[in-house]
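Trainee: Residue numbers (the numbering used here), protein chains in the order written: chain E, 381 to 772; chain Z, 8 to 498.
Be aware that one or more of the hints could be misleading.
[As the list claims (entries may be wrong)] Quick partial rundown of chain E residues pointing at chain Z, CB under 10 Å, derived from the structure:
#1 ALA397
#2 ASP399
#3 TYR409
#4 TYR411
#5 LYS412
#6 ASP413
#7 GLU422
#8 LEU425
#9 GLU427
#10 TRP430
#11 ARG434
#12 ILE437
#13 ASP451
#14 ILE456
#15 PRO472
#16 LYS603
By construction, these hints were calculated from the structure, which means they are not laboratory data. For glycine and all other residues, C-beta sits at the position ideal for the given N, C-alpha and C.
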Amino acid sequence: MVEIDENLIGKDVLEMAFDRCIKCSTCKYSYKDFEKSCPSGEKFLFESYWASGRIRIIRGVLNGDLEWTKDLIDPIFACTTCGACMDSCQAPHADYIVEMIEALRELAVKNIGSAENQKFLVTRCEESCNPYGEPNSDNVELKKEYTLPDKAEWIYFIGCTSNYRQKSIRDSTLRFLKKTGIDFTLIDEHCCTSPMIRTGQLSIVDEYMKYNIEQIKNAGATKVITSCAGCYKTLTKDFERFGNDSEFEIYHSLELVKKLLDEKKIEFKSEYNKTVTYHDPCHLGRHMGIYELPREIYRQIPGLNLVEMKRNRNFAWCCGAGGGVKIGYPDWALEISKERLEEAKETGATVITSTCPFCKTNLSDASVHYNIDFQVLDLMEILDQIDINVLS
Amino acid sequence: MTAIKQRNIFEKISKDNVYSKLVEIFGSDCVSDKDVDLYPYSQDMTENKPHMPDFVVIPENKEQLIELVKFCNEYSIPIVPYTTGNNVGGLTIPDYGGIVVDFGKKMNKILHIDDNMMYALLEPGVTFGQLKKHLEENYSSLRYSFPNAPPYSGVVGNVLLSGMTNLGAKIGSMADSINGLEVITADGNVARIGSCFYGKDKAEDDSWWCRYPMPDLLGLFVNFQGMTGLVTKCAVQLWPKEPIEKPQLVVFFGLTDLAPFLREVGRADIVNDVAAFSVEVAKMEVGIPEPVRYPEEPPYTAVVPMSAKTENQMNAKLEILNGIIEKLNNEGTNIHLIDYSEFAKLFNLKALNIFNLPSQILSLHEYSGLTWFGAYAPSHKFEELIEKTDELYRKHGVPPFNYLKIMKGGHYGIFRPIFRFKKYKDQDKIVKLLEEIADVCIDLGCIPYKTPSWLTAKLRKKINPGWISLFEKIKHCMDPNNIFNPGRWNT
Chain E
381 MVEIDENLIG KDVLEMAFDR CIKCSTCKYS YKDFEKSCPS GEKFLFESYW ASGRIRIIRG
441 VLNGDLEWTK DLIDPIFACT TCGACMDSCQ APHADYIVEM IEALRELAVK NIGSAENQKF
501 LVTRCEESCN PYGEPNSDNV ELKKEYTLPD KAEWIYFIGC TSNYRQKSIR DSTLRFLKKT
561 GIDFTLIDEH CCTSPMIRTG QLSIVDEYMK YNIEQIKNAG ATKVITSCAG CYKTLTKDFE
621 RFGNDSEFEI YHSLELVKKL LDEKKIEFKS EYNKTVTYHD PCHLGRHMGI YELPREIYRQ
681 IPGLNLVEMK RNRNFAWCCG AGGGVKIGYP DWALEISKER LEEAKETGAT VITSTCPFCK
741 TNLSDASVHY NIDFQVLDLM EILDQIDINV LS
Chain Z
8 MTAIKQRNIF EKISKDNVYS KLVEIFGSDC VSDKDVDLYP YSQDMTENKP HMPDFVVIPE
68 NKEQLIELVK FCNEYSIPIV PYTTGNNVGG LTIPDYGGIV VDFGKKMNKI LHIDDNMMYA
128 LLEPGVTFGQ LKKHLEENYS SLRYSFPNAP PYSGVVGNVL LSGMTNLGAK IGSMADSING
188 LEVITADGNV ARIGSCFYGK DKAEDDSWWC RYPMPDLLGL FVNFQGMTGL VTKCAVQLWP
248 KEPIEKPQLV VFFGLTDLAP FLREVGRADI VNDVAAFSVE VAKMEVGIPE PVRYPEEPPY
308 TAVVPMSAKT ENQMNAKLEI LNGIIEKLNN EGTNIHLIDY SEFAKLFNLK ALNIFNLPSQ
368 ILSLHEYSGL TWFGAYAPSH KFEELIEKTD ELYRKHGVPP FNYLKIMKGG HYGIFRPIFR
428 FKKYKDQDKI VKLLEEIADV CIDLGCIPYK TPSWLTAKLR KKINPGWISL FEKIKHCMDP
488 NNIFNPGRWN T
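So that you can see chain E by itself, here it is in the shape it has in the complex (with noise of 0.2 Å):
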């Protein structure tokens, strides 16, 4: 019997590493589906790169048989926590499949450090205040811009994707809200902490969330709407795991436009004559299991043909910049882009859209490095093409 150092532990999700996971290999493709879904294991192809590897490597290092060395970076950081592991495993501990490699990453972190360039999104941070590194920005500008109160209903937490990378989404949804009237304002945001989370660096984490909530409850909001899917998930479901449950409603920019066309407050009204194949976001699909809502708007949309990848919903194809994998892995990340780039061209489509300014991003990159000559675009960024009316 192998003895465990218990002061290593200290959280149920590693602890459940020692209970669970025979290593049956049903976590490397999807169910049932028999399709590849694991982009870390496909490419490093070593068991210790795929989910039931790294549930062994939490084994090894908390009983001894594993030495911290640099050798563990690579298979605890190069994995893009798309959760399609948890999605395939059939096992009791599916669903924290995931939250286990994030332990894993916490502890690897305070023994060997973070993968290359990993750091820098807690140094920037803790700089300005976004993963970037670029200027903070208050957001006072956009608020003089679109005359926004200093007190209102919702808050639109643009995330730093869309406020230093993919302006075009923050400037769509805007726009988008300030059309349908939504009583909206902007905070002077930090990092939601996506990031830290995902790659176990978590010295900034419930700062900044605390920071947040302070932001939100000082402009009186109640509900909060993102256009990032990384910004949804962490506001929905870490901020609660790491005790700072905010008790605003959260919605993603899809689900209020859903909410406002099932409540005929709005209706598209020109036509947006494409080919259009929709890629599900990890952290909208998987880890938040919303796949229909983005379809069921697309399909409302005049003109609009949405055809199916391959991979899709609970099968989708990661992107591969999530997880810290864009900054820590860049090129690999642009491989898994790749893929998913190809999938979407062999639908027929011209466009590839998502509902994630990261994903974008990535599949943005990969479509200009690999020459693909493919349009991605957000869904608010179809939206604000076409007219909308808005009823009431």
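Got chain E; can you put chain Z on it based on the hints?
Mentor: Below, chain Z without anything else, positioned relative to chain E:
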């Protein structure tokens, strides 16, 4: 690291030089000597002691493996074949270190499906899930015979180790369904065995149709647990897919009522398979956690896949099945037959999982450990096996998890007590029970398959010396430097 046995495999060549040679053969991306990469290969779900390999390699073709075998034979370095490590016998744990050859990642191609002579030619890494998908998408009139194993268990490993099937009552052991093999022997030669043996350099894809009538060299590799060569191709039989399927559920209210049922139904040649479980297993299959059997509940149930070409044929089979049950009940048993589809609708659709093969026996994936005493059994001893193991389960306070089958028209049976457990908490308790059950079952004539070495050590005490002597001569002849999966069968 948990140490087992030592064998100085770097006596003739340094570890660094072995690494360089492996990189030369497989490329640096497909070789690792890092502890973190080796660690998952050092252990499996069972009680068998972990041991680290020195390297893991990921081959993609036969030529690489020929070079590897020659090199390892020259320097007496162990080679351990691996697909997914789901054998439930510790068979891919490298007890003496050496090189784990992971076939599952690149040598996993379905090379040919022969629609005419009904076989599939496979590389060693092909999994059940992969084969099922391929057949359903491309050859809808053909089926393979799937075990109640996870979808990503290896087909070739299973047939070479005499694994189970959901056509067991008809065709018997999966090993009987092998048409041919391509094998690299210790000297680096490549042998093709079976009807594919014609042709100097290569065999035609359509030549893997039969195992006989030449001397059956296939026996040198079946159940040898990778100790006699590296299999690089394997042809397995497929079967016509019958259009009418009507699975049945049989419930047994007497403790040993299923024993005569299995024997009778095996002889009748009307069912594809019979998978009989302790009712505790059946309850878990429909989602009841930690179930117990209450008084008056049946101790055993059986799921019986049946198929036919026409409704008339199915009705005739069902008439025979009902007749068997009526006859047995007249003789004192208490057996009931239920339409499984109706049962699943009424109770829990999860119950259909068992027919949606390859499948998870979900309850067996509950914890971190899984082991068994999986054995071929004399079916006339079923009653004694059930009664004696039942006593042992009660003695140890463990719910019974027995799994029985009748094979090949009733010629022999399968008896498998299975144990799921928390590896780091309950293993000692389970191993104690497992050992006692193994002793009882071996005394009653059971012969375990996919046998771990602690169990083959028990067997060797009972096997006739002539068999052991012949077995060891063959092993030595095939593998003079003991490079192929050393330690199996206590070699």
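Trainee: Next step is simple, just say for each hint if it's right about the structure.
Mentor: Hint-by-hint comparison with the structure:
1. ALA397: holds (8 Å)
2. ASP399: holds (5 Å)
3. TYR409: holds (6 Å)
4. TYR411: holds (8 Å)
5. LYS412: Hint on LYS412 of chain E: holds, closest Cβ of chain Z at ~8 Å, below 10 Å.
6. ASP413: Result: holds, 8 Å to nearest chain Z Cβ.
7. GLU422: Since the shortest Cβ distance to chain Z is 9 Å, the answer is holds.
8. LEU425: holds (4 Å)
9. GLU427: holds (4 Å)
10. TRP430: Constraint on TRP430 of chain E satisfied, holds at 8 Å.
11. ARG434: holds (9 Å)
12. ILE437: It holds, given that the least Cβ distance between ILE437 of chain E and chain Z is near 6 Å, below 10 Å.
13. ASP451: holds (4 Å)
14. ILE456: Interface hint status for ILE456 of chain E: holds (8 Å vs cutoff 10 Å).
15. PRO472: holds (6 Å)
16. LYS603: With a closest approach of 38 Å, the LYS603 of chain E hint is violated.
Checked against the numbered hints listed earlier, the structure breaks hint 16 alone; every other hint is satisfied.
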